[in-house]
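Chemist: So the sequence lines, in the order shown, correspond to chains H and U.
For the first sequence, this note's numbering gives the first residue as 652, with consecutive numbering after it.
For the second sequence, this note's numbering gives the first residue as 652, with consecutive numbering after it.
Since the hints were made in silico from the structure, they are not lab data.
Please note that the accuracy of each hint is not assured.
You can't tell identical chains apart in this list, so a pair holds if it fits in one copy or across any two.
No farther apart than 30 Å at their CA atoms in a straight line, the calculated lysine-lysine pairs in the DSSO-like style are these [stated by the list, open to error]:
no.	residue 1	residue 2
1	K995	K856
2	K856	K815
3	K750	K856
From a predicted model like this one, the values you see are computed outputs, not experimental measurements.
2 protein chains.
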Amino acid sequence: MSLPRYQWRTLSTVERQELMQRPAVRSNTRIAADVAAIIEQVRRDGDDAVRALTATLDGVALDALQVTAEEIVAARDALSDTDRNAITAAIANIQRFHKAQIPAPIRVETQPGVICERIARPIEAVGLYVPAGTAPLPSAAMMLAVPATLAGCDTRVLCSPPRKDGSLDPAIVFAAYAAGITQMFKIGGAQAIAAMAYGTATVPKVSKVFGPGNAYVTAAKMHVAADAAGAAQDMPAGPSEVLVIADAHADADFVATDLLSQAEHGADSQVILLTDSAALLESVNSAIERFLQMLNRSDLIRAALDHSALIEVPSIDDAIAISNQYAPEHLIVNTTNARTLLPKIRNAGSVFLGSLTPESLGDYCSGTNHVLPTYGYARNYSGLGIDQFLLQMTVQEATPDGFATIGPIAATLARLEGLSAHALAVDVRLAQAGQ
Amino acid sequence: MSLPRYQWRTLSTVERQELMQRPAVRSNTRIAADVAAIIEQVRRDGDDAVRALTATLDGVALDALQVTAEEIVAARDALSDTDRNAITAAIANIQRFHKAQIPAPIRVETQPGVICERIARPIEAVGLYVPAGTAPLPSAAMMLAVPATLAGCDTRVLCSPPRKDGSLDPAIVFAAYAAGITQMFKIGGAQAIAAMAYGTATVPKVSKVFGPGNAYVTAAKMHVAADAAGAAQDMPAGPSEVLVIADAHADADFVATDLLSQAEHGADSQVILLTDSAALLESVNSAIERFLQMLNRSDLIRAALDHSALIEVPSIDDAIAISNQYAPEHLIVNTTNARTLLPKIRNAGSVFLGSLTPESLGDYCSGTNHVLPTYGYARNYSGLGIDQFLLQMTVQEATPDGFATIGPIAATLARLEGLSAHALAVDVRLAQAGQ
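With the rest of the complex left out, here is chain H:
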């Protein structure tokens, strides 16, 4: 197949906007209704509902929903040394990068005798969802489990859909356990989100749910996040995407395989190349055709490439401006001067600099988190970090001298807003200090 190719300078403003439009995601009212019914059922019938839904939707009759210590040992033994070592090495890098994100407490004496602080506290109970649909995703388990554990969240629950034999994927179990999770449940889909958001006899209630998932999981997260009695969610979901900026020096095979990597995530993925080299654009197009023969999941890839684009731009600066406007989840800058371009990059979930930093590194093991804002959300949401597992609590304390100075300011502002009790709370204290 040949990819859609464009020359930016020949396009009108409207054509440019249409080209950089994401594939529409239809809000599916049927899915929302199905999910609402599942959540209602789990809230009402608890574990019984979860078991019934798992039998119907996953085709597995389970007695025990929780993964046992024996099953954790068995999962470890089921993996090869190579796989185990890769998981352990990835976790170590993710730990190093996320540990560096733990915020130091802030303490400022804003005026003499008035001390203000901001102190992080772990969210007490968090729920992690790891999908296992077309492929099990141990990497998602690592990306969620590491920050939850480092943040010190007391209760850390993981749910993932069971396989037909009633077990969880061993790579997911091993990765989660190695990253600090001991409470794992064989529950998938909207029923997993409901069980974690509201709790059942066996699944602890959590106050925030994290992780990727299919349309049902996404709808369930939206549903519970809109309910004060439910659970907050990490970020809104959307199809995954990559934007590659490459110059004439880029290797076409590198660029092509980066685009194909993103495309294999799913039929709704979007991949975009911006290059100032017409020659590279053609070479990348040919390389994609050549590599496509070698890959499984080629149907998914072809579908994704259908709404993707190879675009020739006048300059690399233009490419950056277009990218900032598009706000890609993943941005690969495969140019000779990649590092020097970084200060110009505004909106992107995660940036991959240079020719030897394919998206695969960030997806698995460089240390950055692969849970990232997609679908343009890189304009207003950050990728996952340890901060989303923490609460920032502020503290203030005034000394008698501090209060004597700041009290009258507060009382003046309270009167300006017509809030007389606020002023009175200051005045009774000033009066007692004899001022």
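Fit chain U to the supplied structure of chain H, relying on the hints for placement.
Modeler: Frame of chain H; chain U shown alone:
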């Protein structure tokens, strides 16, 4: 009036749960429908719709929606020196505390030759909403404008409802301008949120909206946040609340005026006292009755006190456990050893330590932000800080040596997940390096 009084140890588990329940907030489908229609109208007709809605809902016919430079000067001149100085002093404290929150970039070499970074970028365009219903709230303008400006958000738009004479409240205008806002619009309610989330000919489109508001504003923020083409929101809203923990040494007048301060925010406010002293509880009850005579807004206060409670608890440790469970927006710890209790406090928006730190200080001028998670959201949301005006972007870069080590790990994990293009993107690079 006499407040509802309880003894914790005489209550059953169910009674305790009911007592610490927040007043129900009915989700109002009529408001949601009205708001959806307003948003649709603004998206379709832009400024014309805003003008028409302002005429209908605020009773003001406006030609120009934007506040002019002359109006900003006039607002400053309309205020007394005392008021101006109080606003300026408060802004200086808020700036000091929020400036200290600007995160340093993080750079970690997770393994030799693999560099990972997390760099903050300002959200390019933010919208700030300042209500002016029962009372104009210049303090809200300060709390939103200071972090937006310090974060470096390029476009900072403020909307507030016009008064009957077609002007904005001068204290709001002066506070916003002094804190770094120059683009102010005379637009209130759902139409303000719609104008900022989608943009009009005169109001710039923003990608995140912040600030408190009435039920229409809250519903509009929820509506635009659920649309990828709309704008994210700061946090879910709920009625304001305070929980005071006080021991026998606390001054009853201080505690009473703190409870009254919170109660005057609105009829749906909730105020709770937890004390281990039966004598203090009775003194506070008497003091509230006494002070209530002196206050305006006493109807609002009485309504709020109706669903509030003075509770005698066995010990201060019990009080902290109950508070952690309740997760109050504001927590005042008026005990002799307040500072030493801080490590035990888990879930609270903002904490006020000791006898001389009334909530008024944090509401106006200590330096902390008064936009805080309420209604139990202190379990899963942080109060406003500079971080919510920033995006955290991650970056990674591998050197040839780094790639030689980490590449095979990524390829192993990609194969484990059945993602062959991810592995290929590594393999073509390893092959070219001759490995």
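Chemist: Work down the list of hints and note, for each, if the structure agrees.
Modeler: Hint-by-hint comparison with the structure:
no., hint, verdict
1, K995 x K856, "between (43 Å within a copy, 22 Å between copies)"
2, K856 x K815, "within (27 Å within a copy, 49 Å between copies)"
3, K750 x K856, "within (26 Å within a copy, 36 Å between copies)"
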